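Produce the entire structure from the sequences given, and follow the hints as far as they go.
Using my numbering, read the sequence shown as starting at 25 and increasing by one per residue.
Hints listed in this document are in silico derivations from the structure and should not be mistaken for laboratory results.
Computed from a prediction, not measured in an experiment: that's the story for all the values here.
Treat the hints loosely; a few may be bogus.
[To be verified] No farther apart than 20 Å at their CA atoms in a straight line, the calculated lysine to any residue pairs in the SDA-like style are these:
no., residue 1, residue 2
1, LYS428, GLY363
2, LYS428, GLU319
3, LYS204, THR325
4, LYS390, PRO372
5, LYS409, ASP263
6, LYS204, LYS219
7, LYS207, ARG223
8, LYS207, MET266
9, LYS390, LYS425
10, LYS219, GLY430
11, LYS383, LYS409
12, LYS406, MET385
13, LYS219, GLY363
14, LYS219, SER321
15, LYS398, ASN194
16, LYS383, GLN373
17, LYS409, ASP380
18, LYS390, GLU375
19, LYS383, LYS425
20, LYS219, GLU437
21, LYS409, PRO372
22, LYS406, LYS425
23, LYS409, ASN388
24, LYS219, THR325
25, LYS219, ALA185
26, LYS428, LEU413
27, LYS207, GLU284
28, LYS383, THR325
29, LYS425, GLU281
30, LYS383, PRO427
31, LYS398, TRP303
[Stated by the list, open to error] Computed spacing ranges between beta-carbons, pair by pair:
no., residue 1, residue 2, range
32, ARG75, GLY50, 21 to 27 Å
33, ASP420, GLU375, 17 to 23 Å
34, SER318, SER370, 41 to 47 Å
35, SER321, LYS398, 26 to 32 Å
36, ARG389, SER318, 41 to 47 Å
37, ASP300, MET435, 37 to 43 Å
38, THR341, SER65, 51 to 57 Å
39, LEU63, SER39, 26 to 32 Å
Even for Gly, the Cβ is constructed at its ideal location relative to N, Cα and C.
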Amino acid sequence: MLVHDANGELSKTTSLFGLRLWVVIGIFAGAIIVLILFLLSLCLTSIRRRRQAKLSVIGGELTPAVSKEIREIVHDAAVPEIQIDIGKAEHRVVFSDRPASGESRAADGAAFGGGAMPEVSHLGWGRWYTLRELEAATNGLSDGNVIGEGGYGIVYSGVLADHTLVAVKNLLNNRGQAEKEFKVEVAAIGRVRHKNLVRLLGYCVEGAYRMLVYEYVDNGNLDQWLHGNVGDVSPLTWDIRMNIILGTAKGLAYLHEGLEPKVIHRDIKTSNILLDRQWNPKVSDFGLAKLLCSESSHVTTQVMGTFGYVAPEYASTGMLNEKSDVYSFGILIMEIISGRIPVDYSRPQGEVNLVDWLKTMVANRKSEEVVDPKLPEMPASKALKRVLLVALRCVDPTASKRPKMGRVIHMLEADDLLVRDEIRIGRGPFRSQRDFKEQNPGVSKAGDKQFGENASNTSEVDGSRRHDQPTS
Numbered sequence: 025m026l027v028h029d030a031n032g033e034l035s036k037t038t039s040l041f042g043l044r045l046w047v048v049i050g051i052f053a054g055a056i057i058v059l060i061l062f063l064l065s066l067c068l069t070s071i072r073r074r075r076q077a078k079l080s081v082i083g084g085e086l087t088p089a090v091s092k093e094i095r096e097i098v099h100d101a102a103v104p105e106i107q108i109d110i111g112k113a114e115h116r117v118v119f120s121d122r123p124a125s126g127e128s129r130a131a132d133g134a135a136f137g138g139g140a141m142p143e144v145s146h147l148g149w150g151r152w153y154t155l156r157e158l159e160a161a162t163n164g165l166s167d168g169n170v171i172g173e174g175g176y177g178i179v180y181s182g183v184l185a186d187h188t189l190v191a192v193k194n195l196l197n198n199r200g201q202a203e204k205e206f207k208v209e210v211a212a213i214g215r216v217r218h219k220n221l222v223r224l225l226g227y228c229v230e231g232a233y234r235m236l237v238y239e240y241v242d243n244g245n246l247d248q249w250l251h252g253n254v255g256d257v258s259p260l261t262w263d264i265r266m267n268i269i270l271g272t273a274k275g276l277a278y279l280h281e282g283l284e285p286k287v288i289h290r291d292i293k294t295s296n297i298l299l300d301r302q303w304n305p306k307v308s309d310f311g312l313a314k315l316l317c318s319e320s321s322h323v324t325t326q327v328m329g330t331f332g333y334v335a336p337e338y339a340s341t342g343m344l345n346e347k348s349d350v351y352s353f354g355i356l357i358m359e360i361i362s363g364r365i366p367v368d369y370s371r372p373q374g375e376v377n378l379v380d381w382l383k384t385m386v387a388n389r390k391s392e393e394v395v396d397p398k399l400p401e402m403p404a405s406k407a408l409k410r411v412l413l414v415a416l417r418c419v420d421p422t423a424s425k426r427p428k429m430g431r432v433i434h435m436l437e438a439d440d441l442l443v444r445d446e447i448r449i450g451r452g453p454f455r456s457q458r459d460f461k462e463q464n465p466g467v468s469k470a471g472d473k474q475f476g477e478n479a480s481n482t483s484e485v486d487g488s489r490r491h492d493q494p495t496s
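What follows is the structure in structure tokens.
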């Protein structure tokens, strides 16, 4: 009886298109089943995408991600390109995957898995090097070619196919640092040409490799010649030291006042001043550099630099501008004149900090006693005091009172005019590097390498040191 009643109810006609009740129930049941299957499909798709994302993250640890400055731009479906924008529109490099004509490129492509090698849109300031070229130049990145090594990369000496001597820095991808430093250095000095700045000749972006190619400066760095084993008499005469100070000042002035945006070096120190055979200085290592537009008074950033050289206001606030480099330059002058490092805990109390000690000596009218005892000659008293005054003005605790580098050059060149009218006393016997080496065989061997073991460590404010390269 109940079954008969149920069948009767299900057979009743409904108001939904005149369909019977059992038909309507079947339609709703089918719709629910389809909805459930659709939701299951969405869940499975989501799970697959998450797995693929994890795999891409793992792969990212091996190959640096493409940054905003080095981004992939697809002009058409078949020709992807990587573009590096540096400053003005005309300063642009485009690396294309278009097949190149010619037997040599076909051979190179086969060597790298059959793909065509990148073409270069020349900037006028540099070129693209293939990994194969740089491996050939450095004997396969041989340990015997290593001239510098640190936390951010290894620097090799090399000889290109055209017999050009180069320094090749292979950036290490420590938590993406290779991509970051590569981007900073290319943007900072890729288009820069100045006799007192190390020249960036080109670069290599291939797979996981980020490499920078510099001119090779073959007479070591200033740190080696000031603090290395050079004997009882330094080959760095007063004239040579003044030339180094003035040349470094001109290089910095160009970075601060000759470029837009201006470049803040952020790591001026003796190991980052390379010297050629005529003792001309070249500022190097732009891995920490920052760009500052003319309309901005400062940029706030994580405090980085070398202990003893960092400006106090930058260390305490993180606010960086060109006056931070001026402070570091003042420390550099003091180090060149005195032969002392900025902070030396082996010295008696009161002499540990170079700035405090030098201020005390000048205040007590003992300027002559701050001169490096290894200096082969004593400078004229007025010339010494003038240079010390420039140094003290550069390290003024108030950043706004420090002179710009252009003004520093003016003061130093005025000192040169003064020196010409002074009669020097006690001039040393070594007029040139050649004279020094002839009378001191073996002493200057350290200078034959571009990077020495005595390179200063670069650190964050917490005191942790970074062993960096002069040419980076």
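Consistency of the hints with the structure:
1. LYS428 x GLY363: Violated: LYS428 and GLY363 sit about 25 Å apart, past 20 Å.
2. LYS428 x GLU319: Between LYS428 and GLU319 the Cα gap is close to 17 Å, so the pair holds against 20 Å.
3. LYS204 x THR325: Roughly 14 Å separates the two Cα atoms, so the pair holds.
4. LYS390 x PRO372: Measuring from Cα to Cα gives roughly 18 Å; hence the hint holds.
5. LYS409 x ASP263: Holds - the C-alpha atoms of ASP263 and LYS409 are around 15 Å apart, at most 20 Å.
6. LYS204 x LYS219: 26 Å, violated
7. LYS207 x ARG223: 16 Å, holds
8. LYS207 x MET266: Outside the cut-off at roughly 34 Å; violated.
9. LYS390 x LYS425: The hint is violated at about 25 Å.
10. LYS219 x GLY430: 16 Å, holds
11. LYS383 x LYS409: OK: LYS383 and LYS409 at ~12 Å, within 20 Å.
12. LYS406 x MET385: It holds: about 16 Å lies between the C-alpha atoms, which stays within 20 Å.
13. LYS219 x GLY363: Violated, because 25 Å separates the two Cα atoms, which is more than 20 Å.
14. LYS219 x SER321: 28 Å, violated
15. LYS398 x ASN194: 37 Å, violated
16. LYS383 x GLN373: 15 Å, holds
17. LYS409 x ASP380: 17 Å, holds
18. LYS390 x GLU375: Holds. LYS390 to GLU375 sits at ~14 Å (cutoff 20 Å).
19. LYS383 x LYS425: Holds: LYS383 and LYS425 sit about 17 Å apart, inside 20 Å.
20. LYS219 x GLU437: 18 Å, holds
21. LYS409 x PRO372: 25 Å, violated
22. LYS406 x LYS425: 23 Å, violated
23. LYS409 x ASN388: With a Cα-Cα distance of about 13 Å, the restraint between LYS409 and ASN388 holds, given a limit of 20 Å.
24. LYS219 x THR325: Outside the cut-off at roughly 29 Å; violated.
25. LYS219 x ALA185: 25 Å, violated
26. LYS428 x LEU413: With a Cα-Cα distance of about 15 Å, the restraint between LYS428 and LEU413 holds, given a limit of 20 Å.
27. LYS207 x GLU284: 17 Å, holds
28. LYS383 x THR325: 30 Å, violated
29. LYS425 x GLU281: 18 Å, holds
30. LYS383 x PRO427: 18 Å, holds
31. LYS398 x TRP303: 17 Å, holds
32. ARG75 x GLY50: 21 to 27 Å: Once the Cβ atoms are compared, 38 Å apart, the range 21 to 27 Å for GLY50 and ARG75 is violated.
33. ASP420 x GLU375: 17 to 23 Å: 21 Å, holds
34. SER318 x SER370: 41 to 47 Å: 44 Å, holds
35. SER321 x LYS398: 26 to 32 Å: 41 Å, violated
36. ARG389 x SER318: 41 to 47 Å: At roughly 42 Å between Cβ atoms, SER318 and ARG389 fall inside 41 to 47 Å, so the hint holds.
37. ASP300 x MET435: 37 to 43 Å: Between ASP300 and MET435, where Cβ atoms are some 25 Å apart, the hint is violated.
38. THR341 x SER65: 51 to 57 Å: Given range 51 to 57 Å: holds, Cβ gap about 55 Å.
39. LEU63 x SER39: 26 to 32 Å: 30 Å, holds
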